Structures are given as structure tokens and as C-alpha cells.
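Colleague: Residue numbers (our numbering), protein chains in the order written: chain X, -2 to 305; chain V, -2 to 305; chain P, -2 to 305.
Don't take every hint at face value.
To be verified - Computed far set for chain X versus chain P, every beta-carbon distance over 12 Å:
1) N38
2) E52
3) Q210
Stated by the list, open to error - Calculated pairs, EDC-like style, for lysine to aspartate or glutamate (alpha carbon to alpha carbon, straight line, at most 16 Å):
4) X/K240 to X/D183
5) P/K196 to P/E138
6) P/K271 to V/E258
7) P/K74 to X/E42
8) V/K222 to V/E258
9) X/K271 to P/E86
10) V/K227 to V/E263
11) V/K74 to P/E179
12) X/K227 to X/D202
13) P/K222 to P/D254
14) X/K237 to X/E289
15) P/K240 to P/E223
16) P/K240 to P/E86
17) P/K227 to P/E265
18) X/K74 to V/E86
19) V/K271 to X/E86
If you are wondering where the hints come from, they were derived from the structure by calculation, not from laboratory data. None of the values given here were measured: they were computed from a predicted structure. Ideal Cβ positions, reconstructed from N, Cα and C, are used throughout, including at glycine.
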Amino acid sequence: MTHLFTLSELSVTEITRLLEDAEQFRNGYFWRPSEPMFVANLFFEPSTRTKCSFEMAERKLGLHVIPFDADMSSVQKGETLYDTIRTLESIGVNAVVIRHWEDAYFESLRHSIRIPIINAGDGCGHHPTQSLLDLLTIRQEFGTFSGLTVAIIGDIRHSRVARSNAEVLTRLGAKVLFSSPEAWKDEANPYGMYVDIDKAVEAADVVMLLRIQHERHAEKMGLTKEQYHKRYGLTVERAKRMKRTSVILHPAPVNRDVEIESSLVESERSRIFKQMENGVYVRMAVLKRAIEGRMKNGDYIKKWHVVQ
Amino acid sequence: MTHLFTLSELSVTEITRLLEDAEQFRNGYFWRPSEPMFVANLFFEPSTRTKCSFEMAERKLGLHVIPFDADMSSVQKGETLYDTIRTLESIGVNAVVIRHWEDAYFESLRHSIRIPIINAGDGCGHHPTQSLLDLLTIRQEFGTFSGLTVAIIGDIRHSRVARSNAEVLTRLGAKVLFSSPEAWKDEANPYGMYVDIDKAVEAADVVMLLRIQHERHAEKMGLTKEQYHKRYGLTVERAKRMKRTSVILHPAPVNRDVEIESSLVESERSRIFKQMENGVYVRMAVLKRAIEGRMKNGDYIKKWHVVQ
Amino acid sequence: MTHLFTLSELSVTEITRLLEDAEQFRNGYFWRPSEPMFVANLFFEPSTRTKCSFEMAERKLGLHVIPFDADMSSVQKGETLYDTIRTLESIGVNAVVIRHWEDAYFESLRHSIRIPIINAGDGCGHHPTQSLLDLLTIRQEFGTFSGLTVAIIGDIRHSRVARSNAEVLTRLGAKVLFSSPEAWKDEANPYGMYVDIDKAVEAADVVMLLRIQHERHAEKMGLTKEQYHKRYGLTVERAKRMKRTSVILHPAPVNRDVEIESSLVESERSRIFKQMENGVYVRMAVLKRAIEGRMKNGDYIKKWHVVQ
């Protein structure tokens, strides 16, 4: 089974393979499954970017998308995620993409669900396709990860992006710096060194900003948006001190003038919208992997028919 | 016009024809309408199974699906169901699938709407495609209905499944047993004999459990879930006393450990997920019937053009 | 860039061209873009007619539709409309259709968004595709606009239909009469002359009724529905005094027995459901214009690639 739950579970070879496939899709590579395939996107949390990006990737691969509306689903009647997915599987869905508010929701599904699950974000856990698009964007810029310094700045503690990226970047040979208000440091994440934001911005090849998940968070620290921006955000002043070749990333949606000055969002250094473009290609690669895994997996097909 | 409101309105010949078509679809039969066809699924109540099953069936027949979101529709502005459907008809929708919380919502539409309506569940009324998939699953198991004993167990009173199935099973030659707490007996349904759950389970070829619609219902009787399960549910103990060849059905979503012990849901005797698979095929058959009826119906096409 | 924000921005030639394209689509004209195209429908207000009509038009042109659910989007996280559209653009969406509750929401997007935006209604502002379908329906009836008298009746003040239609009808050579309760007169709209409803109905070739947006509105004037209907609505009595060849239009959804007597909605004079049919064809024409504009616009394509 070719689930994708976290990048930590993939080898460097597998990650590289996905990035290469994505780059090929970007260059116009055409691939379609050999038979009609059906997918469903189960989003239990709001999302524009990730949801629409998967929808686009699915259509570009010629997959049929079965609409699933979490608000109108039987989950409202108390159905478990397991039963919902088994239902979709029975109906003929070949793969599911899931975003869910529960950390590691997939652990209980790992061995019991026989169609591939692609994790599109779990609680404060992981977001592997976001990491892949970050990696792709960095690789397009620098050709390598080895020797790069990546500064991840903001709410490290509550960010699935920080969690996913720090581990994989370290594994790929990059050096990770964290910068965050005291309250948002994540002691459990061993893959970065905490430094002051000014140092982080000056040292980094990649300045990766995180979204403040809830505006209340800044307020809880007793800071207005303006104060937060000045102390912990990417101001125009700070951006001027970035290295000549370094770039800005942000998983978006951006809180303009909070974690980043509005004018920098579409500045020359920013790759924020390019990240979104890349998101479609990495998701095409991930879906292709899921479908190819499924098609090779003759066992699964047989097992299922025995039940009938 | 080939509406499908209730199975009671169909002859045994028509029902058999639908089951045969569904079986053919299951065996890979390929059928497509001769011209592009558009359908809309109007779900005014939560549903995963039925909604997704129709969406799958529609795509497998190559139909175009016009998304309809009840929450975002003009129904919110007080538009009647009649006007909503007439609107969709004007826009070019060729058939509609409707789930609605009102019993027999379709009565007022029967003679006024000129595109086929497929009832996907009305209030506490009927659910014909659910019945058809139950019938298909039973027929696959036993080859016939004649002489079978089917036990329908649970909330008989509030169940559209019980209502639809008891009548049609009786008509097809099966014997129907009901088993239910006193409060959920349905005096208005003459097609089954009430017996104790232990008797029902032991006598039945098909043990058809119903979903407790609202958990409050059990609580109202002064029973905890555990107590309900023990007195009225399919426990492992009871399942052991089933006949050697008998099977378990449930329309789902299942309240695990309430109406049925969790471990039985995917046991060897269970056909619960197979029912869901069959759901797609019976819906393909029902959609084919609707579309073929529409295409033969030259009168309708002409009348409509006159209005222009 | 071929945005469509208001009809006021289009020349008579452009409007005529759109109507002719729409008429051709009605007559079965087949047009498809030369490469796969993706659109998204961003509806921030409830709608059945307009939303479903666009969905149908898009499918008839073979466009791929990326589902966008405003309730589940990052707009919920405070994302601006600009950032949402730029996101969709980055993901590969080629055109967006937008309904939004804010008047002239598009002004801030006019020069900053590089994919075509089609306005599907803005606050109390404009609704150009509704106007176009009204124009198409009138043209089919009378062959011309010149010399026609069009009475627009009801809540002139809060109606985007009144605003869009009065200007364009005047420009096309028709005479516009307004009729409305005192409180709903719109001093800012110079394109019609206020007359009593009885006069309006008797003089008009086209009786165009408006929807009472909020039932509270009538109540605020101290009128029951019945009283409103009698004083300001199209009663059967009034309809009898219409000219022999004149027709009834209404943008729908209709409040039956408020602005129009229920039995008149599908009477011989009514073109209300024909308007809905025409809606699909004008939207096909508008989408074709947007896509053709985009495809000619080499600059845009290039500019975008430079950013990469």
C-alpha cells in the first residue's frame, strides 16, 4: 500500500523520485492511469490552496473526483473516519486525500484501509505535500539542499510545516535555524537551532515564514499585530539584510503585515506564488505514486474479491 | 415520465428488470446515453453513502453532474422545491436525485415536473435505491426471495428502509419478521410479524439491522447504549445462533456496539460493505431507466419546445 | 484582459456580439477552447440559478471546473479576495466567476489580477450576465430594443438588475419606466421615469418584475404580503390590462403571490423560465469571450513565465 502520511517515513531516494516526477510534470510530462480512477478529497478543516491544488492535480491526471462534503456527510451522524473511508472504498473510490484536525489521525488507518491515503495535513502534525512543494521550490532555486541554510520563522510549535520540513531538510543536508517568540518554541523538535530573527534572516538562503494560525495567539502574548510584525515578522528593513541570492517562502494564506510586510509578498525575492504552482506538480507526483502502487498491488485486488 | 419515488409503485417485473440491469453493471456492462446528459443531486439532509454512491454511478455512466449545494441555494431564500427543480430543468438538467426531510415531498411534484426525479430518501418515508441494493445483495446470496425469512430489527417506526423493504419483500415471496422495542413498533406497517429478537435471529436467512436514527432515542427509553445493545442489538452471542447460511445486512452508517457488535461488521457473515458496492450498480440501473424513459418520451420534448 | 464587471463598460457593439454568440449557442453552435481550461466559481452569497447556470455553461464548453466552497475556504481564515484569486491563478485556474456581497468588490482587482474575472453579482451593484439574459429574451421576442417600453417594477433601490438593465436598455434605444413604493425609489438611477404600477403595466412591452430581496422589507413598510401584492405586485387583474404582445420577466427566485401572482409565473405571457434557459447561453458567450481574450493575450502569458 502506498499511503503518504509523513515525509519522515520516506527515504531520500523516494523523496528525490517524487521531486523529479513533479519537475517532469512541470515540464509538461503527460501521464494517465491505464483505467478510470476515482478519488475523493476529505477535508475536515477549511482550506483553499491545498484543496484546490489537489482538485487541479487530479483533473490534470484525468482522475474522476467524487465530491465529499464533510459538513453534509455521515460524519455528522457520528460515523468514524474508518467507516467513512471503507464506505468510499466499497463504492469504488481508488484513493483518498484527507485533511483532518486530529494529530496522526492516520495511525489507526495505516493497516486497516486498503486504498492509498494521502495526508493533506493532520492537526499540528504533518503536511507532507506542503513540504514537498517547499523542497521543489528550493531545489529549483539552488539545485541542491546540501549546505543550504533554511530559517523557519514564526509559530514553530503549532506548525505542521515546521515539523515536516525541519526533519527532512536536515536529512537532505541543509542546516535549519528556528526563530520564534519564546512561547512558540517547540522543545520536541530537535532539527533546528533557535536564533534571533535578525540573525536568521541574515544567515539564511531560504527565509521560510510560518503563518500565525490564530490571531489570538499574538494577542495572548500581549502584542498588537504591529508589535508582532516589528519584533518577529519580516519587515522591509530586515528583508534588505537578506543575502543577495536568498529567497522568501511562506505556506500561505499570508497574514499581510503580520508575519511579512505586504509589499514583500510579491517582491522579487518572494517565491510564495511559485510555491503554489509547484504544489500542483508535487501533488500530481504523489497521486501517481499512490495509483501506481495500487495497480501493482495484485494481492489487494484479490483479497477484496474473496470477501465477496 | 420515469420518476422513481417508491418501490411500491413498481411492478415485480420492473423491479426484476432493475436488479438484472444492476447485476449486469456489476459484471462490467458498459452503457452510455446517446447524447450528453446532465444530472443534479439535491441533498437536503446529510449523507455520505447515498450521495457518493449516486455521484459514482453518474460518473460511471458518463453523465455530467451539476453541483448543487442545498446550504448555498436559493432554497435559503425561501424558494420552493418545485421552483428549484423547474429552474434546473430550464437550465438543461435532465434528471434530479433528491433526498429531503419531508415525507412524500414528491407528491406535489409528480405531475408538474417533466424531468425524472429519483427519490434518494424522503423523511420517514421511502428509500427505493436502498431497498434495491438490499434486494440485489439478497438475490446474489440466495438466488431467489421466495421462501426466505428476512428479519428486520431495530427502529421499525422511524425507518424508511423498513417501510420500503417489508412491502417489496413480501410481494417477492419472502416472509418478513420484525423485532423492535415496544416504542418503535409501527402499527401502520402490515408486512411483518413482530417476534422477539432471539427468535428473529434464529429463524432468519437475512438479519437486517436498522440504524438507531438518533442516539437520544435509546436514552429516551431509559437505556444506555450498552443496555440497548444487550437487549435489542446483534451481540456476538446472538450471531452464533444464526443459521449456517444466513447473512447480516445493515443500511449504514452503523452505530458500532449499539445495534451490532463492532467485530461483526466485517465478519464473514456480514454483507454490509457489499451492500455499498451494490448500491452503485442499482443506482446505475435506476439512472439508466430514468434517462431511457426521458429519451423515449417525445411528447415531453415537443411540449417544451412549444413553450419557447 | 477581458474581465466582465458591468455592462456599462461594454460598447453596444460588444453587447450585440455577446447576444449573437449566445443566440448561436442556443442554436447548437459548438465551440471549445483549443487547450484544456480550468475555471472556478467563487460564490460568497447563496444562489441556485446563477451558480448552476455557470456550471452548466462551463461544462457545455468542455471547461474543467475546480470546486470552490466559500464556507470551507481560507477566506474563513481572513484571506483577502485578492490573495484567494492569485492563489487560484497560481494553481492554474484560467478564469474565475465571482458573486460577492460587497458593492464593486472588483475595483481593487481590476488591474492587479491577470486572469479574467466574470462578475456574477456584486452587492447592490451589478449583475451583467443577468442583464444579458434579459436582453436576449427581449430580443428574441421583439427583434429589437429600439422603441420598446420596459417597465421595471419593485425594489428599484436595492436591485442590481434594475441598475444594470436601466442603463443598457436606454443605451440600446428602449424607454424605461420605473414603478416602486416610495421607500424603494433610487434617486441615483437616472435611466427611468417613475410612474404608477397600473400605468407601467399598461404601457409596457416588457413587464420586468424585481424580487423583494428581504421579506422584512415589505413588513417594514407596514404592509403584509397580501397588501404589498395588491398595491405593488402583478395581480391577475393588472396582467389582463397588459398589451396583447407584451411579456413578463422576473430574475427569480420568485416570491409567489408577492411581486407576482403565482398563476402568472408559468402563464403564456411569462418568459421567466425561458430567461433561465437563455442564462446558460449568455454565460457560454461570456466565458468564450473571457477565454478568447486570454488566449490572444500573449503578454500576459509571457509576463507570468518571467516571474518563474
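Colleague: If a hint holds in the structure, say so; if it does not, say that too.
Modeller: Taking the hints in turn, this is what the structure says about them:
1. Consistency note on X/N38: stated as away from chain P, yet its beta-carbon is not over 12 Å from all of that chain's, at 9 Å minimum.
2. With a minimum CB-CB distance of about 5 Å to chain P, X/E52 fails to clear the 12 Å threshold, and the non-interface call is violated.
3. Distance check for X/Q210 against chain P: the nearest CB is about 9 Å away, which does not clear 12 Å, and the non-interface claim fails.
4. Proximity of X/K240 to X/D183 is assessed by CA-CA distance (about 27 Å); at most 16 Å being required, the pair is judged violated.
5. For the proposed pair P/K196 and P/E138, the alpha carbon gap of about 22 Å is over 16 Å, so the pair is violated.
6. Proximity of P/K271 to V/E258 is assessed by CA-CA distance (about 56 Å); at most 16 Å being required, the pair is judged violated.
7. Taking the CA atoms of P/K74 and X/E42, the gap is near 11 Å; set against the 16 Å cutoff, the hint holds.
8. The straight-line distance between the Cα atoms of V/K222 and V/E258 is roughly 11 Å, inside the 16 Å bound, and the hint therefore holds.
9. The suggested pairing of X/K271 with P/E86 holds, with an alpha-carbon distance near 11 Å, which does not exceed 16 Å.
10. Between V/K227 and V/E263 the CA atoms are separated by roughly 20 Å; this puts the pair beyond 16 Å, and the hint is violated.
11. About 24 Å separates the Cα atoms of V/K74 and P/E179, which puts this hinted pair outside 16 Å; it is violated.
12. Under the criterion of a C-alpha separation no larger than 16 Å, the hint pairing X/K227 with X/D202 is inconsistent with the structure, at around 22 Å.
13. Our distance criterion of 16 Å between C-alpha atoms is met by P/K222 and P/D254, whose separation comes to about 8 Å.
14. Distance check on the hinted pair: X/K237 and X/E289 sit about 46 Å apart at the alpha-carbon level, beyond 16 Å; violated.
15. At most 16 Å may separate the alpha-carbon atoms for a hinted pair to count; P/K240 and P/E223 exceed this at roughly 25 Å.
16. Restraint check for P/K240 and P/E86: not satisfied, since their Cα atoms lie roughly 50 Å apart, outside the 16 Å limit.
17. At roughly 22 Å between alpha-carbon atoms, P/K227 and P/E265 are farther apart than 16 Å, so this suggested pair is violated.
18. At most 16 Å may separate the alpha-carbon atoms for a hinted pair to count; X/K74 and V/E86 exceed this at roughly 32 Å.
19. A hinted pair counts as satisfied when its Cα atoms are at most 16 Å apart, and V/K271 with X/E86 qualifies at roughly 11 Å.
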